[in-house]
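Taken in sequence, the protein lines are chains R, D and C. My numbering applies: residue 1 is where the first sequence begins, and numbers increase by one. My numbering applies: residue 463 is where the second sequence begins, and numbers increase by one. My numbering applies: residue 744 is where the third sequence begins, and numbers increase by one.
Just so you know, the hints here were simulated from the structure itself, not pulled from any lab data. Treat the hints with care, since some could be wrong.
25 Å max Cα-Cα, derived BS3-like pairs, lysine-lysine [as the list claims (entries may be wrong)]:
1) D:Lys659 x C:Lys851
2) D:Lys474 x C:Lys950
3) C:Lys1036 x D:Lys633
4) C:Lys851 x C:Lys950
5) D:Lys659 x D:Lys648
6) D:Lys648 x D:Lys633
7) D:Lys474 x C:Lys854
8) D:Lys633 x D:Lys659
9) D:Lys474 x C:Lys851
10) D:Lys570 x C:Lys1036
11) D:Lys571 x D:Lys633
12) C:Lys1036 x C:Lys950
13) D:Lys633 x D:Lys570
14) D:Lys570 x D:Lys648
15) C:Lys854 x D:Lys659
16) C:Lys1036 x D:Lys571
Residues from chain C that keep clear of chain R, each with C-beta distances beyond 12 Å, as calculated [stated by the list, open to error]:
17) Thr793
18) Ile820
19) Ile829
20) Lys854
21) Phe856
22) Val942
23) Phe948
24) Tyr953
25) Met969
26) Gly970
27) Gly987
28) Gly988
29) Ala992
30) Phe1027
31) Thr1034
Using N, Cα and C, we set each Cβ at its ideal position, and we do this for glycine too.
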Amino acid sequence: MRKVLVLLLAIAALAIGLAACGRDPAAGAAEGAATIEMMFWGGLDEMNAMNAVIDDFNAQNEGRVYVVSGHVPADFVAVMNTRLAAGDPPDIAYTSAGNFYTMASEGHFHAVDDLMDPGFLSTVVHDAVWRYDGRIYGLSTAQVNLGVFYNADIFNRYGVERPPHNFSDALSWDEFVNLAQRVTVDRAGNNALSPDFNPNQIATFGFHPGPAGLNNFSLFAYSNGARLVNAAGTDTDFDSPEWIDTLYRLNRLVHYYRVTPSPAEVEGFPENALMNGAFAMTIDGRWAMMWLATLDFELGCAVMPDLGHGPFTMSPPGVTSIFAGTDHPELAWEFWEFKMDVENGATELYAGGLWQPIVHDPWYTDPASLAVWTDNDAHPPSFRGAFLDMALRPSQVVPLSSSYVRRVGEITQFVTPAFQNIMGTEMTRDEVAEVMRELQQTITENEAFHGIYNSANLLPRR
Amino acid sequence: MIMSRTIGRRVKLVICYTLVAILSFTFFIPFFWMVRSALMDHAQLFRYPVQIFPNPIVWENIPYALRSQPFAIFFRNTIFLVVMNVIGVVITASMAGYSFSRLQWRGKKIVFYCLLSTMMIPGFITLIPTFLIWSALGFHNTYVPLILPAWMGGGAFSIFLSRQFFMTIPKELDEAALIDGASHWKIFWVILMPLLKPVLAVLAIFTFMGTWNDLLTPLIYLRDRNLFTLSLALASFRGPFGGRWDFLMAASAIVTLPMILVFFIFQRYFIEGVTLTGIKG
Amino acid sequence: MGAKVSRSRKHFRRNEIYGWLFAGPAIFGFLAFTIGPMITSIFLSMTDSTLGFGGNFIGLEHYRRAFTADPLIWISIRVTFTFVAISVPLTISTAFFVALLLNTEGLKGVKYFRTIAYVPSIVPGVASAFLWRWIFNPRGLLNHLLETIGIPGQNWLFDQNLVLPSLAFMGIWGIGGNMVIFLAGLQGVPRSLYDAIEVDGGSIFSKFRYATLPMMTPTIFFTVIMGIIGTLQVFMPALLITEGGPNNASLFYGFHLYRTAFVNNNMGYAAALSWIMFIVVLAFTAIIFATSKHWVYYEGGDDR
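Build out the structure end to end from the sequences listed, making use of the hints.
Here you go:
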């Protein structure tokens, strides 16, 4: 037994020596090529697609530039933090929207305004540009607007007209509720308007507004005239009448009209709930189309209802930035332009339904270009109006909270439970007001609001 | 008299077998659910009411999942890490356990309690500083940060466990050997280690399991895809916006198999029993 | 007692050297990879760092804030302690009794049963999280099975009152590790003890009470300590399954910490939170160690 152990120890020592040598990740580069590293996240499809883009770029630029693929399988933010702390940043990488401003303000990024061609900026969707202190430090990796998705088969089955996909046809709140009621059906087949409707045995809910949280609910709130930050920019505005009214309306959808499931009920819905008919309409992001397209039902896209100030949308993307420590900013930008082009390598990600391009001219407006990525099974015709047209209306886009509110995570950790609470319990208007006031008070008392970065990103008040 | 004892034994065995059967069924459920999910496509996976058995069985998930990433390389890498770690922990943890339980030296108690206290340190507090140290030494993107800790006692858990077990072995064995003039090293290797087979097997299994499934450490240190491990590959199936659940389950099922095999083999060391009982009897 | 007489000073010194030698690798690892980082993190907890290092020194401001201006801390402490109180006794006693069961004499095919009991522990974490989420889903397997035998389904992970018991219940499937430890320990209980009791006419219960249980106390001690320490730090279920909800009902301290560090980018405050946790864990462990003299029985141990 001793001999075996000694042998094993010897092997171990040898192996440690070998392992310590490691391998240079840039081993694939040709002689003389400049290497840049692209750090990104993504599941299987996104990872493979981005790696294909990188391989394409490397093939076309052999000997001159070599891009190292730095895919991070999990916990991207933790890995990024450790890299930054060690003073070893990548050249170009994704950043989560919530971290962008912290990192920009600490000087981690390299400005790209000078690297862009003049005129490029005007072709980019307005909220895909991320500025800090007057300069551009990031662009959204893709546009990923939120909107209403619905299961057209359900509407057909009950002879109900589909929700509209054009901005000008947006339903008023009451019309919307009525529509939802007509597609909320109990197990016996009665819809919510019928006198025999059994609210405890609902088979299909008419409308699911997505997980109770700041982003989704802001779509309603802004349409109702509410704003996240008060006019003075000193705190959040959750105790305003507009916010209270919005949450009350949402509460009524669940507990009075019964067209919406409560958080507990909805968490029970599996991912394919729309296909299974667990609900007829839902709010989700453009990215969901990637797997919705693989399912066996007819998908439709619609605009949000109008609570008084028009339907709203928002885009919660990841951001791409070039890092300050890079030796080759121009080359990194070259690669960036390459990956933004819809017709390079990542076509599946656009055509497949994951991303929208951030360059709207020509990709949203020129019919030929539009057809390249939307003329397929993943994109119903209603998509263009509900998502693309909405994305180009700056007054109807809710600014992403993490794009201007500092440390927004600290606020949301109070907001989400409060919203969940409201959606989960039947409440009167006063009770809702009470919860919202308490929420606002908690935020103020706990110094959770740390100010805003960019007042330029705030929507004007009505 | 004898009859009733035999019947008593029989009844006892029947009760035991029944309990074991119920337990086995219950414990099998997660694994069954994983395998069943591995053989379904997305539509079946989320059907309501729940579909218990895959129909049709989507065997293709397995080759598709395994081919979607270079699993052969990951498998080789993970095996390498596991072997290195198991050897390291088994040797150094038992050495430390011997020292803390058998040998008298000043400061022993303090050092032991300090070592123990390291278990209570939340992992992410040491995460970044440790990473900085390895980076400064130039060992990021190598296997050294993943292997060396195993050779430094393998963590407070292993040392604590080993010490506890050492304490259940009577000291008379040592003392007899000491009288015969044996060195500490000999006592450790020749006399005590064989008696430790159960705890060594436990350490081996835990280290195997910990290394096989460890996600955070390879995630932080490894950048080159050729060095990636199986756990990183599994994490890749899950994206920020949903994921390929069918492939994730299929790949996970395959990844679990070697561990089941290893456990099955190692557990005979429990059955073999400890020589100790022979001496006491 | 010839052994004692022959102890010389030389032997004593040899003991010292060998003591340090054998524990050497462990001590080195401790210094290099624990002490250093720990000291760094103390400094970190007194700065206002957001990402990585490089903040301004602010003294004990974070600690003040933790105790006076952070309601989530108290919620998370309550949640975590409740969870430990439910989960640790549940999982350790289950592991112990399963090990006892599988250790019964005359039981055939134990190999297979032991492996099956261990299998849930080795399902990879990512897969495991989603499996449990699907099983406990109100429209998932568990409710399906319950409803077929007439018990109404519950919201489990999405019900404020049921989420912690549900997570603790899930923990039972993870007893494979402790079961393995108990099995190893049971093997170490000398048969002679059982035989002696049998000769005196003792029953199964006497054997358990006077032989098994006392001999197993070191092992139980170990698993209880590890269980409490580990469970106080748990956060994976919150991260992967419940995200602290619903309405903060599963906001584990470890999850609050993780979120503060990596989502809210508040490294300084997170470092302070970890030190608070460290003190708490230390206190618990010290208490258990102190009381252990009264209930743990060591056969081969010398001093404590």
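Hint numbers not upheld by this structure, sorted from lowest to highest: 17, 27, 28, 29
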